[in-house]
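> Protein chains in written order, with the numbering used here: chain F, 1 to 226; chain R, 1 to 483.
Any given hint might turn out to be false.
[Stated by the list, open to error] Calculated pairs, DSS-like style, for lysine-lysine (alpha carbon to alpha carbon, straight line, at most 25 Å):
#1 F:39 - F:19
#2 R:473 - F:12
#3 F:219 - F:39
#4 R:473 - F:76
#5 F:142 - F:162
#6 R:15 - F:142
#7 R:15 - F:56
#8 F:5 - F:19
#9 R:473 - F:139
#10 F:76 - F:5
Think of the hints as simulated: they come from the structure by calculation, not from any bench. Keep in mind it's a predicted model, so treat the numbers as computed, not measured.
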Amino acid sequence: MLEVKDVVKSFKTGDHTIKPVNGVSFSVEQGTFAAILGKSGSGKSTLLSLLGALDKATSGDVLVDGVNISQLPDSKLTAYRRDDIGFVFQQYNLIPNLSAKENVMLPMEFAGVSRAERSARAVELLSQVELAEETHDRKANKLSGGQQQRVSIARALANRPKLILADEPTGNLDDETGELIIELLRSLCQEKNTTILVVTHDQALARKTNRRFRLARGKITEITQG
Amino acid sequence: MSVLARSVGNAFRNKVRSGAVVIILAVAIGLALSMLVANQAVADKITSLKASVGNNLTVNPAGSRGGQGGGEPLTAADLSTASTVAHVSSVTGTLSLRLSSNASTTATAPGGQGGGPAGRAASGTTSLVSAIDPGTLGNRANGSTSSSGGTGAGSTAVRPAFSIPIEATGIAGAVNAAGVPINITDGTALNDFAGTSAQALVGSTLATKNSLKVGSMFTVDDRTMTISGIFDAGTAFDNNAIYLPLTAAQTLASRPGEISTMTVLVDSIDNVDAAKTALASALGSTRVDVTAGSANLGSAISSLSSVQSISLIGFIAALGTAGLIVLLIMIMVVRERRREIGVLKAIGASNRSIGVQFVFEALVLVVMGSVVGAVIAAFSSNSIVGALVSSNTGTTTAAARSGRQALRAAGQTAGGFGAAAGPGGGRGAFAGASRLIGTVSTSLGWQTLVLGVLGILLIAALGALIPALLTAKVRPIEVLRGE
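Full structure from sequences and hints, please.
Structure, rendered in structure tokens:
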């Protein structure tokens, strides 16, 4: 379960203090497919970075299964990102000179999984995200956008995380491919009971999630109407 | 894929840039290795030069060497003083004399032997005939055919034929003036060192010239000497000499107690410098010149030490350059890959594993540079050492050359014997240090290679460490920059 309690993130720019996230509170049950909607600059990515322990909140708590990650030291945060979180980025962020399979193996290498085991799991995950076998050993920069995003999702699943945070996962894809990726995330959420939180400004994508939140001027509200 | 394999892959992500970096590193590392090879070759040469000279110090009256120059002679009291100096094991005194042959003396009167414009007069006469033909060099140096412009009207006088004097050395043991054992090829060494002794050793060429053998007799002044042995000193010039008992030589030359050269044996090669200073202090630094081994050893070692210092500085500078190249390249790579580092951190990589990856990446470049650099060093180190040694000994040689010219100029005005110090003789005080140094040969031995590569890897690791530490400062949120 993901619980966010009165989280504030502020930046100082000259004499001004900006609060892209200002007293955000919400909770999401395990296995929920949720979306956070908001315009550009509304603080969506900042909130995502706080939930994924990429950055630290100025105040407030983020609890994952009861563990307050806002108070963890850096070494524990590394372990948290490695074991409990999976990221899917708009620009995929694969390591370009590694193959699709090697990219998926990478988080498992950091987790100390044996080479044989991580190789077998990488093949399994790439098959799950429906990436053709002949492309498994292709360098990441030789894959199409849709293929790269599938590899990115497989990499996010590598260490069986409790939470997957996706930042505009369809932002760089055409509508058809975007649909396929959303369906893939949705099915993974159901099959693996993984909480998936998608940050997007795409209403169509958001409509396919179980819960939707809107972030505006640093404040979050849940969208209840269908 | 392991960290190492990933690092190797990353090192070749940009092949053109990596190739250029490897070439630049190879040049810097090649230069560093060449300098290291030069340093070790020169160090070996210095050791061998010191070893060849041994623990001996030579003490001469200030301003003289052997039988040449000026100053006041040494005495038996100086021998006693020298033997009490710290680290001195033994002291041997010798007296150098020059004997003109009876026939030559008659022929060259009234100018007499050494009556030329340069040098010093002979110390006595002998029945022996010199085995060395003065030739063009000896006659030229002795001014036998020089013009006597000072007599006015431009008249030219041809001097009588010049004969190289015979070197006679009074010794008190079985070693010569340089402290080296005399190589007796026939007969026995001297064993009667009394003032009345009639024993003598004769050089092989002199014995042949005068048809002498062990037991033959000849005269020195009015004393008849008997040959107890024939020696070989290695060169025609040095074999045109005789050895006499020291006291007999002093008696014959009417120089009782007088010594021209002291050879001091020091207890250890490490104490040579200390003993040298102590001897100069005990005997009076204005009275005596104390030299280690040969006259040129000091300048030769000084030249080689300069080469050693230059090569050491060169080694350190080239290593530093290699380290700087690695540092700058890796800083550039880290800045380029900030976002990628952010990705790695976002997916769970620790600071340590990312740092190790970047250090390995730097080491891959350095190892490749080292391999190419070692090949460069193998082909260039000899030339570099040669150039360094010749450029440094060039200064010495130039000084020696000007010294010889000065000596000749002095000889032409003061009169006397100058052939020994002339360019042909090569035995004088200014004989080139470069000749003593000879050839400094280099080889890229495994020890040099290992030492060099270890040094380079150390610098490379240090050069890569700072960029690796910089990666620790990259925050994982970098991954969202531009998202």
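> So, against the hints stated earlier in the document, which numbers end up violated here?
As far as the earlier hints go, 5, 7, 9 are violated by this structure, in ascending order.
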